[in-house]
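**Student:** Sequence:
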Amino acid sequence: MSDQLFDKNRRTGPVETPARPGEHETEELAHYDDAVIGRAFRWSLIAFLLLVAVGGVVIFLLTRKPDTAPAKVTEITAPVARPVLAAQIPEAKFTDITASSGIKFTHSNGAYGDKLLPETMGSGVAFLDFDNDGDQDLLFVNSTYWPWKTPEGARPPTLKLYRNNGAGQFEDATAGSGLEISLYGMGVAVGDYDNDGRVDVFITAVGGNRLFQNRGSGQFADVTSAAGVGGSPSEWSTSAAWIDYDNDGDLDLFVCNYIQWSKEIDLEVGYKLTGVGRAYGPPMNFQGAFPYLYRNEGNGRFKDVSPSSGVQVTNSSTGVPAAKSLGVAPVDLDNNGWIDLVVANDTVQNFVFANQTNGTFREIGALSGVAFDSYGNTRGAMGIDAGYFQNDGRLGIIIGNFANEMTALYVSQGPAAMFTDEAITEGIGPASRLLLKFGIFFFDYDLDGRLDVLSANGHLEEEINKVQQSQHYTQPAQLFWNSGQPNTAAFQVVPPDKCGPDIFKPIVGRGSAFADIDGDGDLDAVLTQTGGSPLLLRNDQKLGHHWLRLKLVGKKNNRDAIGAKISARVDGKTIVRHVMPARSYLSQSELPVTFGLGTSTRIEELEVVWPGNRTQKVPIERLRVDGTNVIEEEG
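Residue numbers (our numbering): 3 to 637.
Just so you know, not all the hints are guaranteed correct.
[Said to hold, decoys possible] Label-pair distances were calculated between CB atoms; the ranges are:
1. Gly277 x Lys544: 28 to 34 Å
2. Val322 x Tyr114: 27 to 33 Å
3. Ser234 x Asp499: 28 to 34 Å
[Unchecked claim] Calculated lysine-lysine pairs in the BS3-like style (CA-CA distance at most 27 Å, straight line):
4. Lys619 x Lys557
5. Lys95 x Lys544
6. Lys500 x Lys558
7. Lys619 x Lys95
8. Lys468 x Lys500
9. Lys468 x Lys117
10. Lys106 x Lys151
11. Lys500 x Lys544
12. Lys274 x Lys468
13. Lys305 x Lys557
14. Lys274 x Lys117
15. Lys151 x Lys265
16. Lys507 x Lys106
17. Lys117 x Lys265
18. Lys619 x Lys575
19. Lys507 x Lys544
20. Lys274 x Lys151
21. Lys95 x Lys468
22. Lys575 x Lys558
23. Lys619 x Lys553
24. Lys117 x Lys151
25. Lys305 x Lys558
26. Lys117 x Lys507
27. Lys553 x Lys507
28. Lys95 x Lys106
If you're looking for bench data, these hints aren't it; they were derived computationally from the structure.
All C-beta atoms, glycine included, are put in the ideal place defined by N, C-alpha and C.
Sequences are here, hints too, so could you generate the full structure?
**Tutor:** See below:
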């Protein structure tokens, strides 16, 4: 959550900071001490090099031979955004149906005036079919009141579970479900960890996480203690993902942790805005935290393999945890059948954990080009997603960054995990710079076969406009349409006249997810906000485009088929999609996969690559266009 008002290293502004740092600032002081020593060393080195250079020039002048060829100059140019084709953006309206659909949820962050950092980070949302009726239900994560500041007589806020009737209408199914619990909730991950055919729920929080096993009939049981995935009560966990990282057929669990936080540390840091007072600040003066990696032992228990797996990265100078993680995108970066992890970190470098296929990971963020921006700087990274947005075999990793930082779009440059940030040339960078981006994902909202982008936005500080006129606490979402045209920017900003005003209602946007909630084939969306109501958006496009919906069922692999890759050949082009509900920020999208077919009504070829790289050809005569198809793993 870096900000030009807060960031000591890259931004200046009217900020008051504590006169004397506390113990939690050790890492920052070490950083500054290293910087002073480094500057002194560099000046000594420069002086030495100048002496060497002078000597070299003298020798060269005495011994040089006549020039035989003119010098060649290589010109370096900055990336330039390609032209846009705004006139071609299709009309596809989104309608706010939050109230009319039966959703009556309000997020509670417990804010009471001290402006503690968790209050402004919001909570996530998940689309899931918890009752196995084929419809996508909704689960909203909630935070709660602080134990030292609970309003007298107030009922504790809880999670909210809503059952979908199949037509996009929801009824509250929380009471008696076992999910009517109160905690300072942050994120959610859904997956069938015990392969019993029912989707289970993992909730991350400030002060300990919870695992709920789906017992059927709308009942969930808290199995956190028996499973061993509660984590430390002193940790602040954020996004999480169910993955089968060791390809043994059951789902393991990766959990991001943000920073070492407590009320006392937060108050000691004491960020203030001049003319405003106490303010929500960035995480620079908080120590980082290690993520968790839990291996599924297959008996309802998990083993914490974090220390031995390679996911615990330390600061090379101080030895403290380097991660300040908010988002994770599990994806097979090198197409070897083993899931890798891309982690979005706030104000420190992003991580890329390459799966070594032996139960361990190797961090290659800097080597892959994903760790920093094009100038070698870190950014305030929040939400993240990955997808094949160009249908040309190149993978894109999109990361929503802080205000006055462009959204990142890292694009693969070959079969190896090497990426360059093409946000500017693809049109998404400059248009996204001003807003503060949280939830972000790829989805094909117009069913033309190309992945578009939706970003949920909102600032941290309620009174930010008093000191930055360009910033507002509530902010509109951004929708980017993928043109797919050669020699033009891939992404065009969709204006209200093309999709309606509802999707652009200013909110304090945080989590986001997508699903087909009404069975019409197109993808609807939900956005959450901190301290307020969500925004459920029904996709009402009338373009006449066809679609193919696939639900995979694993047999040897995990039952949810999480990590599988599906390739569809349509009109001579190959469209690739992943089975991966973990995306965006603190949230989970639906498990089934939707292929937009545009005007086509025929699939030429369909192939599933299951985790472990086993390929399965699907007979195309069995596929029903404009319908849902269940594909079971062979063998």
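**Student:** May I ask which of the numbered hints given earlier this structure violates, with the numbers listed in increasing order?
**Tutor:** Hints 1, 3, 6, 7, 8, 21, 22 and 27 are the ones this structure does not satisfy, whereas the remaining hints hold.
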